[in-house]
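*Asks:* Sequence:
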Amino acid sequence: MKNPPILLLDEATNALDSESEKLVQDALEKAMQGRTVILIAHRMSTIIHADMIAIVENGQVIETGTHRSLLETSKVYVKLFRMQNISTANNSRLSLKNQQVPTNSFYLQTLINMRNVENPTSTFANLPCKRTRKEGRKLASPFFRIWFGLEHKDLVKIVIGSVAAAFSGISKPFFGYFIITVGVTYYKEDANRRVGWFSIMFALIGLLSLFTHTLQHYFFGAVGEKAMANLRQALYSGFLLNELAWFEKPENTTSRIIHDTSKVKIITSDRMSVIVQCLSSILIATIVSMVVHWRMGLVAWAVMPCHFIGGLIQAKSAKGFSGDSAAAHYELVELASESTANIRTIASFCHEEQILKKAKICLENPKRRSWKESIKYGLLQGVFLCLWNIAHAVALWYTTHLVYKHQATFLDGIRSYQIFSLTVPSISAIGVLAPAFETLDRETEIQPDIPKSPDLETIVALVGPRESGKSSVLALLLRFYDPREGRLLIDKKDIREYSLRKLRRQIGWVQQEPILFSSSIRDNIIYGNERASETEIVKVSREANIHEFGSNFPDGYDTVVGEKGCQLSGGQKQRIAIARTLLKRPAIMLLDEATSALDTETERSIVSALGSVKLNDNRGSGYTTTQITVAHRISTVKNSDTIIVMDKGEIVQMGSHSALIATSDGLYSRLYQLQNLIEKRFLFHH
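Position one of the sequence shown corresponds to residue 1 (our numbering), numbered consecutively onward.
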């Protein structure tokens with residue numbers, strides 16, 4: 001679509017199956033016409049028509065020439081060419097006929113041999129079954145779970161903080177009582193003496209407030225910090241227990257660990273301490289007001305619901321306004337994160353302006369929503385102020401009514417009113433923690449138990465066209481997903497009955513796109529076995545063919561690989577991932593196009609190393625690990641004990657390489673012939 005004058009292809013077809021590669025290769029050959037093409041490839045079939053081939057070794061160009069000239073003069077090129085081991089191709093395309101193979105079962109003979117089991121036969125079967133869900137538990141509200149679930153050990157701190165908050169609440173009613181009395185005192189004969197006495201009272205109230213507020217916020221703050229830390233730890237554990245499908249939902253981001261749990265401190269140190277303080281104020285205000293004038297005290301109590309309802313409306317509207325705004329900007333945050341991660345691709349296509357336009361579009365919806373929410377928020381604030389003023393108007397009206405009827409003195413009426421006017425609590429809801437507790441309460445789709453240690457010594461390969469379900473089988477074995485229907489059996493036992501943690505410890509997995517951590521080469525390797533010695537690290541590094549380039553760095557194995565291994569090439573990252581898996585010495589080795597980014601020589605040495613992996617157990621077992629390999633190159637899987645051919649999520653063929661090739665009308669034979677058709681140009685030029 002871009003139609004550039006210069007075309008850069010960095011292993012553009014290495015992850016494709018043979019059929020897809022042929023289609024893409026034909027399209028690329030047409031696209032190469034009339035433009036400069038710089039091509040990087042391990043498969044020599046993709047470069048033989050190049051006008052100039054440069055052989056690069058250790059960062060230097062050692063030889064250049066055409067395919068034909070290099071075959072005549074270059075020993076290195078000839079060696080690489082011969083290692084491709086290209087077979088004679090049949091020019092005719094073979095058709096695939098339907099075969100009488102059961103498509104509702106996945107059966108592998110002698111795949112896994114479990115210890116302490118009489119029958120060594122292992123079976124992977126797709127059988128009808130329905131999962132049973134546990135009955136939902138009736139859980140306590142977030143309020144009680146914070147206090148009695150997370151902070152029961154800090155009861156003493158809570159009690160001290162509550163007592164301090166209660167004494168803090170006393171200051172407001174007494175301040176309201178004395179402030180009116182001071183105003184009246186100025187009109188009396190001994191005003192100086194009375195004002196001096198009240199000044200001392202206000203100073204004492206201030207000192208009491210200083211002391212009690214300090215204790216109140218210190219103890220509630222300490223409890224809040226600990227509650228937040230405990231909840232974050234529990235929430236993180238809850239995250240790790242969920243299956244992979246749960247993480248693929250956009251609302252289940254790890255930022256919730258910080259965002260949702262930060263409200264615990266607000267609730268404990270701010271909301272709860274204020275609630276205790278306000279309850280104390282209301283109690284003292286009620287007592288003092290009833291003592292001053294009981295009729296006025298009852299009226300103040302009668303209008304108190306207006307203050308409560310107004311406070312709830314205010315808190316609810318403020319929470320909804322901020323919450324909707326955060327949700328509305330999710331698309332913009334996602335776009336910014338994606339753009340940052342793929343900045344090289346964006347820059348290479350000069351799409352900076354398009355990204356800015358998308359960001360502007362993402363802001364339009366929050367803008368409209370914010371406008372609507374602002375109107376709603378303003379209306380609710382108006383309702384709150386209306387209720388607040390109505391309550392004060394009723395209290396003042398009744399005060400003047402009592403004074404007019406000579407049922408109360410002016411001083412007593414104003415005192416009683418002022419006590420409650422300064423004792424209006426602020427109410428806030430704690431429902432903001434509901435998402436965090438929903439994550440903790442969620443029961444994972446994975447139900448663990450205790451597994452047995454497997455002895456495995458078989459090589460199984462999964463082949464087939466794209467989207468045939470090969471990688472999905474590996475995901476099911478790792479229990480990233482569980483089947484909605486059917487079962488995956490190991491030794492006639494449902495895989496869901498095994499302990500998830502111990503099962504995964506027995507499985508090594510090398511992905512097509514290896515993921516490295518932003519740490520050193522050594523740290524990424526020992527991730528497979530943190531107790532490994534330096535000798536073991538070097539051993540697996542040699543087996544994975546990374547010792548040479550790893551030791552040549554200035555910092556050696558302590559060289560930081562960068563974010564997701566950005567400082568390394570694709571082949572180097574894949575070899576580190578293989579070394580990490582080799583160090584684990586797993587019982588089951590899952591290889592998902594593990595050598596697709598490697599050159600032929602490196603691939604052969606690593607395949608040989610993978611085939612000789614021994615189980616890493618305490619008894620020095622001599623059993624080799626079972627390998628389940630997903631690959632597009634037939635040369636990678638032809639030595640497997642069993643090759644399973646899949647198409648559209650079903651098994652269509654199964655057997656050894658020679659047996660499957662003998663079936664001339666089978667899918668495997670077709671894929672094999674198609675791969676040879678792609679490579680036939682070698683034979684022609686050779």
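Accuracy of the hints is not assured; some may be wrong.
[Unchecked claim] Calculated pairs, EDC-like style, for lysine to aspartate or glutamate (alpha carbon to alpha carbon, straight line, at most 16 Å):
id : residue 1 : residue 2
1  : Lys367    : Glu352
2  : Lys648    : Glu467
3  : Lys358    : Glu373
4  : Lys79     : Glu57
[To be verified] With beta-carbon atoms standing in for the labels, derived distance ranges:
id : residue 1 : residue 2 : range
5  : Trp294    : Lys367    : 52 to 60 Å
6  : Gln511    : Ile160    : 39 to 47 Å
7  : Lys376    : Gly206    : 18 to 26 Å
8  : Thr66     : Arg35     : 18 to 26 Å
9  : Val560    : Glu467    : 18 to 26 Å
10 : Lys367    : Glu29     : 30 to 38 Å
11 : Glu497    : Met52     : 56 to 64 Å
Simulated from the structure, these hints should not be mistaken for laboratory data. C-beta atoms are modelled at their ideal positions from N, C-alpha and C, and glycine is treated no differently.
*Asks:* Each hint needs a verdict: does it hold in this structure or not?
*Replies:* For each hint, the structure was consulted:
1. Lys367 x Glu352: Not OK: Lys367 and Glu352 at ~23 Å, beyond 16 Å, violated.
2. Lys648 x Glu467: holds, 7 Å
3. Lys358 x Glu373: Violated - the C-alpha atoms of Glu373 and Lys358 are around 23 Å apart, more than 16 Å.
4. Lys79 x Glu57: Holds - the C-alpha atoms of Glu57 and Lys79 are around 14 Å apart, at most 16 Å.
5. Trp294 x Lys367: 52 to 60 Å: holds, 55 Å
6. Gln511 x Ile160: 39 to 47 Å: For Ile160 against Gln511, whose Cβ atoms are near 54 Å apart, the range 39 to 47 Å is violated.
7. Lys376 x Gly206: 18 to 26 Å: Once the Cβ atoms are compared, 40 Å apart, the range 18 to 26 Å for Gly206 and Lys376 is violated.
8. Thr66 x Arg35: 18 to 26 Å: holds, 19 Å
9. Val560 x Glu467: 18 to 26 Å: At roughly 37 Å between Cβ atoms, Glu467 and Val560 fall outside 18 to 26 Å, so the hint is violated.
10. Lys367 x Glu29: 30 to 38 Å: violated, 49 Å
11. Glu497 x Met52: 56 to 64 Å: holds, 60 Å
Violated hints for the displayed structure, listed by number in ascending order: 1, 3, 6, 7, 9, 10.
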